[in-house]
Each structure stands twice: as structure tokens, then as C-alpha cells.
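Undergrad: Residue numbers (UniProt numbering), protein chains in the order written: chain A, 1 to 360; chain B, 1 to 302.
Hints in this document: simulated from the structure, not taken from any laboratory.
What you are looking at is a predicted structure, and each value in this text was computed from that prediction instead of being measured.
Please note that the accuracy of each hint is not assured.
Restraint ranges, calculated between C-beta atoms of paired labels, are given here [to be verified]: (1) A:180 x B:121: 54 to 60 angstroms; (2) B:119 x A:111: 29 to 35 angstroms; (3) B:278 x A:267: 43 to 49 angstroms; (4) A:200 x B:40: 54 to 60 angstroms; (5) B:121 x A:267: 19 to 25 angstroms; (6) A:338 x B:141: 56 to 62 angstroms; (7) B:18 x A:354: 52 to 58 angstroms; (8) A:178 x B:216: 36 to 42 angstroms; (9) B:282 x A:291: 49 to 55 angstroms; (10) B:136 x A:340: 57 to 63 angstroms; (11) B:102 x A:267: 16 to 22 angstroms; (12) B:216 x A:174: 38 to 44 angstroms; (13) A:163 x B:216: 47 to 53 angstroms.
We treat Cβ as the ideally placed atom computed from N, Cα and C, and that holds for glycine.
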Amino acid sequence: MIVTFPHMGDMSIALKELFTGLGRQVVLPPPISKRTLELGIKYSPETACLPFKINLGNFIEALEQGANTIVTCGGVGPCRLGYYAEIQQGILKNLGFNFDMIVVEPDIVDIIKQLHRVAFKRNFWEVYLAFRLALAKIHAMDSIQRKVNMIRPREVSVGESDFIWRQTVDVIDAAENLSTLRTAWHKGESELDEVKLKSGTRPLRIGVVGEIYVMLESSINQNLDWRLGNMGVEVYKTMYLSDYINGHLFRKREYLKKFKYLADLAQPYLGHYVGGHGIKSIAHTVNMGQEKYDGIIHVFPFTCMPEIVAKNILPKVSNDVDIPVLSLAFDEQSGEAGIVTRLEAFIDLLRYRRVKHHLA
Amino acid sequence: MTIRIGLPRGLLYYQYGSIWEKFLQELGAEVVVTGDTSKATLNCGSGLDEVCLPAKVYFGHINDLYKQVDYLFTPRIISVAAGQYTCPKIIGMPDMLRSNIDNLPPLIDVNLNLRQNSRSLYQAIITVGHMLGKNAISSLYAWYHAWQYRRMDQAIRYSKPNGQRIGLIGHPYIIYDRQISMNIIDKLNHFGIDVITPEMISNRQAAIAAKTLGKKIFWSNGDHMAGAALALIQSGQPVDGLIFITSFTCGPDALIGELVSQRAQALNIPCMLLTVDEHTAEAGFVTRLEAFTDMLIRRKQS
Ligand code: SF4
Numbered sequence: 001m002i003v004t005f006p007h008m009g010d011m012s013i014a015l016k017e018l019f020t021g022l023g024r025q026v027v028l029p030p031p032i033s034k035r036t037l038e039l040g041i042k043y044s045p046e047t048a049c050l051p052f053k054i055n056l057g058n059f060i061e062a063l064e065q066g067a068n069t070i071v072t073c074g075g076v077g078p079c080r081l082g083y084y085a086e087i088q089q090g091i092l093k094n095l096g097f098n099f100d101m102i103v104v105e106p107d108i109v110d111i112i113k114q115l116h117r118v119a120f121k122r123n124f125w126e127v128y129l130a131f132r133l134a135l136a137k138i139h140a141m142d143s144i145q146r147k148v149n150m151i152r153p154r155e156v157s158v159g160e161s162d163f164i165w166r167q168t169v170d171v172i173d174a175a176e177n178l179s180t181l182r183t184a185w186h187k188g189e190s191e192l193d194e195v196k197l198k199s200g201t202r203p204l205r206i207g208v209v210g211e212i213y214v215m216l217e218s219s220i221n222q223n224l225d226w227r228l229g230n231m232g233v234e235v236y237k238t239m240y241l242s243d244y245i246n247g248h249l250f251r252k253r254e255y256l257k258k259f260k261y262l263a264d265l266a267q268p269y270l271g272h273y274v275g276g277h278g279i280k281s282i283a284h285t286v287n288m289g290q291e292k293y294d295g296i297i298h299v300f301p302f303t304c305m306p307e308i309v310a311k312n313i314l315p316k317v318s319n320d321v322d323i324p325v326l327s328l329a330f331d332e333q334s335g336e337a338g339i340v341t342r343l344e345a346f347i348d349l350l351r352y353r354r355v356k357h358h359l360a
Numbered sequence: 001m002t003i004r005i006g007l008p009r010g011l012l013y014y015q016y017g018s019i020w021e022k023f024l025q026e027l028g029a030e031v032v033v034t035g036d037t038s039k040a041t042l043n044c045g046s047g048l049d050e051v052c053l054p055a056k057v058y059f060g061h062i063n064d065l066y067k068q069v070d071y072l073f074t075p076r077i078i079s080v081a082a083g084q085y086t087c088p089k090i091i092g093m094p095d096m097l098r099s100n101i102d103n104l105p106p107l108i109d110v111n112l113n114l115r116q117n118s119r120s121l122y123q124a125i126i127t128v129g130h131m132l133g134k135n136a137i138s139s140l141y142a143w144y145h146a147w148q149y150r151r152m153d154q155a156i157r158y159s160k161p162n163g164q165r166i167g168l169i170g171h172p173y174i175i176y177d178r179q180i181s182m183n184i185i186d187k188l189n190h191f192g193i194d195v196i197t198p199e200m201i202s203n204r205q206a207a208i209a210a211k212t213l214g215k216k217i218f219w220s221n222g223d224h225m226a227g228a229a230l231a232l233i234q235s236g237q238p239v240d241g242l243i244f245i246t247s248f249t250c251g252p253d254a255l256i257g258e259l260v261s262q263r264a265q266a267l268n269i270p271c272m273l274l275t276v277d278e279h280t281a282e283a284g285f286v287t288r289l290e291a292f293t294d295m296l297i298r299r300k301q302s
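The shape of chain A in the complex, shown without the other chains:
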């Protein structure tokens, strides 16, 4: 059994840890490239969403490199994600690949059951340790990334925080146990703390809401965080992998309380769950509007159903809570130039508003 899985941001680092910890050989799909995208597009239904196509491209490239077991996620709707695996399996079989697909439903009991299927000559304690280390890596990476997003618009020498980040991620990737991981993490954080900042700048604060895949996968979102940071913006992504895990898998109290709070904020605008993250996009926009952020960027894959519902409601929310919202749908044709122009225009608008408010 040679395991592979789809890419999403830095998730591969954690999953690689997990499956090797379970005693399996892992083949990572090659980094998402033009070829990945081309393969995905060629063999996917035309109007499937972008994550579907890229996942498929990842699978093809990983199978070509010798993987024979795909681990991917399921779901019970109404978002399409839950039915990806079923369709992708048919497409890959038609292409002549020989493989097993393990579909993990987003539920902790199912996850443990499926992990057990994958685990090779490992006892319960070892499975637990692998799982724990993988989770810790996710937390470490997310926390570093949050910090980098704060520093970027303020650092004196541009690129310094990104450099530390990349280095730290490599060390985290290599860490073999919790204590080396913690050392790496703390070292990264303290190096970031020492980055020299410009004094007296008050960067724009922008919240990023929307669909998780596009939000986390920088090869698809045209390096959104980095780009905005370099345009002088403090970026608050409303979703990281760790939030998803704590909320949806472990159903941690504080997260459930936060969901409830958010759902209440969204209620007047969107009265029911529509799958995916649609309701959170609305809720975070209300919330960040009340907290006087400068603007919201709403990102999602073209034809994503929950986010299209949100998109048609956001102009009203934007108006009511007085916060500008820019909706960006990403597909395989979203070129860099188009996105950059729209971001620049949006940021100009936000700067103008700030000056106006200041004078008023």
C-alpha cells in the first residue's frame, strides 16, 4: 500500500507525517503545477469546481509516480465535495489506473476506523502518537502563518518574515517527535518576533472569507496573503486547517460556541445552512464589519454553490454594516493580471475611505 492524498495548502506535511507514522509508504502528489491543472481540466466534467479538477490532477500525477492507494474525504452534502470521490474514482478507473480509494467521512469515529485500515503493524498507542504529531504540526504551521500575515505589511526589509516562515516549515516538516517540533515552532516564533518593523504604520486590515480550499491553496488564489501583505495589508484569514479540525472533527466547546455566535449573526441574512462555508462568509462579514475592519475579500471557486448564495447576499450585508466587500471567483482562467488589478482597485478604495473617515 503506497498512500497518496490531495494537496491543500501545507496540509501535505501533516498527512505525510500521519501515514508514515502509521507505517505506510507515502507518495506526495507533485506540487500543483500547470500540468496538474491541465490534467485535471482535461478529465473532469467542464463545470465541476476547481478543487475537484485539481484534486483529480493530483491523483493522476501521484498514481503515475507509483501510489496505489488514495485517501480522500467524503461528506453528506449539499456541497459537491461529498460526492467528488465517487466520480473521480470512475474517471481514474476509465483512465486505466489500478488503485484503492479510501474515503474518509468527516467524523471522528469514521476517521479512526479508516486510520485503522491504513495502519500497518502499529498498535493503538503508535496510531495515537502519529495522529497527535500530525495535528501538532498543523497547529504550529497555522500559528506561524498567522503571525507572518501580521508582520508582512510592517517589516522593514521585505521578505524577511516569509524567509523565516519557509525555513520553519521545513524544520517542522522534518520534526520526528513532539519535542523537536516544539523547539522548531518556538524558534520560528521568536525569530519572527525579532523582525524589525516600521514604526508608525497602520496597515489596512482585511478579512478573507469564503471557501476553504481557495483560501488555503496559494497556487490557486494567486498567492493572495503574500500579495496583500506586500501591498501593505494585514490579512486575517477566517479559516485555517486547525480551525476546521477543532470545530468539525473534535467539536470543541469554544468552537461550537463560536459557530453558534456566527450563525446568529448571519441569521437575518441567511436563515439556513447551505453547505460548505456559505453561512460563515456572511457571518464573518457582519462580525468584521462590526469590528471595524477596513474591508472583506470573499474568495471561492467558480460555480461553488454555497458561496454563490453568499455572494448574492453579501452586497446587502456590506451595505448594512458598512464594509466594502470584494468577491473573487477563481477558475482555471483566473490570470494573475486580472486579480492584481482588482485587488489594487479595492485597496485604493479602502485607503480613500480611511482618509475620508479620518477627515469626517
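Fit chain B with the ligand to the known structure of chain A by using the hints.
TA: Frame of chain A; chain B with the ligand shown alone:
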């Protein structure tokens, strides 16, 4: 004065509209149903961004209607069966309406969610009755009465031995809306072809056929459409071809269409994917239909 309630002819109207109309009448309301979709409806529908054509059409019908009525009947249909959902755009429709049209009359947007239990239907019925000043018993009675009027399941029509039979797979609100579907059924009939739609396949037949899928489909329409398509191609007397008609940017159909064509291909039954949107030109549409049916005829002769 009687209360006037508007009922847009779009989306799930094609599945439940006659019952809703009857139900509201039984409750003493005057029901105003919009006419067939027209070019003008399509124009008004462009108020929603990036949604599928049926959702735009629905929006267009609301635009036609909202100034003339006291209430709009736009129930939030989340789920019509255990373990299933409708489409996110249908679930979010009342909210999209509210956010995009000022001065809407009150919406009757009761939640209907049979995903986990069936009590939700009775709660919805009672809530609607309550809004119209009726008590629970008479509301339930009105529903019961309306239900008696529902359309009976049609049986599959068997055509003349040499005739062509095509399974036309798509949402009822696409197939039976003549504007959206470019009148496809009539066109095919005109070519001398018998058309079988998913509504002609019983729920039971579709459900049995859908059991061969690896994972149960969680959209109720998609589940029935796929089940019906499978029933038609797996039966002892399979159809000669399938046409899967869908709207550009329909989310669920992007996957269901692929699934259906994978299965048809495996059984060597021709399957054509037809995508419509507000810009679809009739001429090109007809050409594609002709080419497909010609091919079927040639296949049968050889
Ligand atoms: S199922 Fe498809 S056609 Fe129907 S409302 Fe949803 S996206 Fe539109």
C-alpha cells in the same frame, strides 16, 4: 377581503406546485400563479449573479409577481427525504430574494426539512395555516385535501417496436419549462421520437437502480435523475439513447451528468450532454438534437 398569495412558476413549482396551489386555496387564499417563462422573465432574472438559469428564471417570476400580491409563497425547501438535500441555491433562495429586491411583500418561507424526521412537514403546514388565520386542524385538513389532487405517477409508455426511445434526463423545472428547455420534448416528438423523462419512472424503480451506485446521492433531484437514467439503460428493453439536459453552472448536475454518462458509456448507450443558458441559440440547439437522433437511427439500422 381575501388574501392574495403569489406563486412563482419556477424551480420546485414543477414538482409540488399543484399541491401548493390547492392547499393555499383550501386555506381561503386567492392564489396568483405567474404565466409561462418568457424572454422578459429571463431579462428580469439577471438580477442574480453567477446562478444557474432555473434560479434566474425563478427570480424573474418573483419580479413579475411581487407587486401584485400580499404574500409570496417561497417555502425554504431544505430536504424532501431522509438523508437528502435540495440544492444550496434552492435552500438559500428566500434569502437571495430578500437581499436583492426592496419592498418585497412578506415571504411565506417556512422551513421544510425532512432530512432527519418527517414532522417538519406538519409543522410547516400548521405554520402556513397560522399565518392565514387558520387553526392546526383545518390546515392539516386543507393539506390532506390538496394532496388528493396530486398528479399520479405516469407509467412508461412503450412505443411502436421500431421507434426510437430516448431518456431525457434533467430537472423537472428545466425539462418542463418550455423557455428553458427550448421545447425539447416537442422537438423530439416531432422527429418521431418517444421521450421518457425521470417523472415517468417511479420512485421505487429509480431507487432500486440507484442502489448500484457506490455512494448514495445526497441531492434529492439528482438521486432520482440518476436512478431513472440507470433504470432506463439497465432495463431489459433499454432506451436507444440518453440526453442529459442541464443548465450551465448547475452544481449537482456537473457531477450527476458525468456519472450518468460514465454508466451509459459502459453499457454502450449513446449519451449526449446538452447545456443551456440564457444565451443558447435555438438553431445550434436543433442541429445538435438532429445530429444525435440521426446517429441513433443509423445505429439501429446497422
Ligand atoms: S440543482 Fe442545479 S439547476 Fe437546480 S437550482 Fe441547483 S444549481 Fe440550479
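Undergrad: Against each hint, give a clear statement of whether it holds in the structure.
TA: Status of each hint after checking the structure:
Between residue 180 of chain A and residue 121 of chain B the C-beta distance comes to about 58 angstroms, which sits within the given range of 54 to 60 angstroms. Range check, residue 119 of chain B to residue 111 of chain A: about 32 angstroms between beta-carbon atoms, so the 29 to 35 angstroms window is met. Roughly 33 angstroms separates the CB atoms of residue 278 of chain B and residue 267 of chain A, a value that falls outside the hinted 43 to 49 angstroms. One distance hint, 54 to 60 angstroms for the beta-carbon pair residue 200 of chain A and residue 40 of chain B, holds here, with the actual separation near 58 angstroms.
Checking the proposed 19 to 25 angstroms range against residue 121 of chain B and residue 267 of chain A shows it holds: the Cβ atoms sit about 23 angstroms from each other. A hinted range of 56 to 62 angstroms holds for the C-beta pair residue 338 of chain A and residue 141 of chain B, which are about 59 angstroms apart. At about 56 angstroms, the CB distance of residue 18 of chain B to residue 354 of chain A agrees with the hint of 52 to 58 angstroms. Separated by about 40 angstroms at the C-beta atoms, residue 178 of chain A and residue 216 of chain B satisfy the suggested range of 36 to 42 angstroms.
Residue 282 of chain B and residue 291 of chain A have their C-beta atoms about 52 angstroms apart, which keeps the hinted 49 to 55 angstroms range intact. Checking the proposed 57 to 63 angstroms range against residue 136 of chain B and residue 340 of chain A shows it holds: the Cβ atoms sit about 59 angstroms from each other. For residue 102 of chain B and residue 267 of chain A, the Cβ-Cβ distance of about 20 angstroms falls inside the hinted range of 16 to 22 angstroms, so the restraint holds. Restraint check, residue 216 of chain B to residue 174 of chain A: a C-beta distance of roughly 42 angstroms satisfies the suggested window 38 to 44 angstroms.
Taking the beta carbon of each, residue 163 of chain A and residue 216 of chain B are about 49 angstroms apart, inside 47 to 53 angstroms as hinted.
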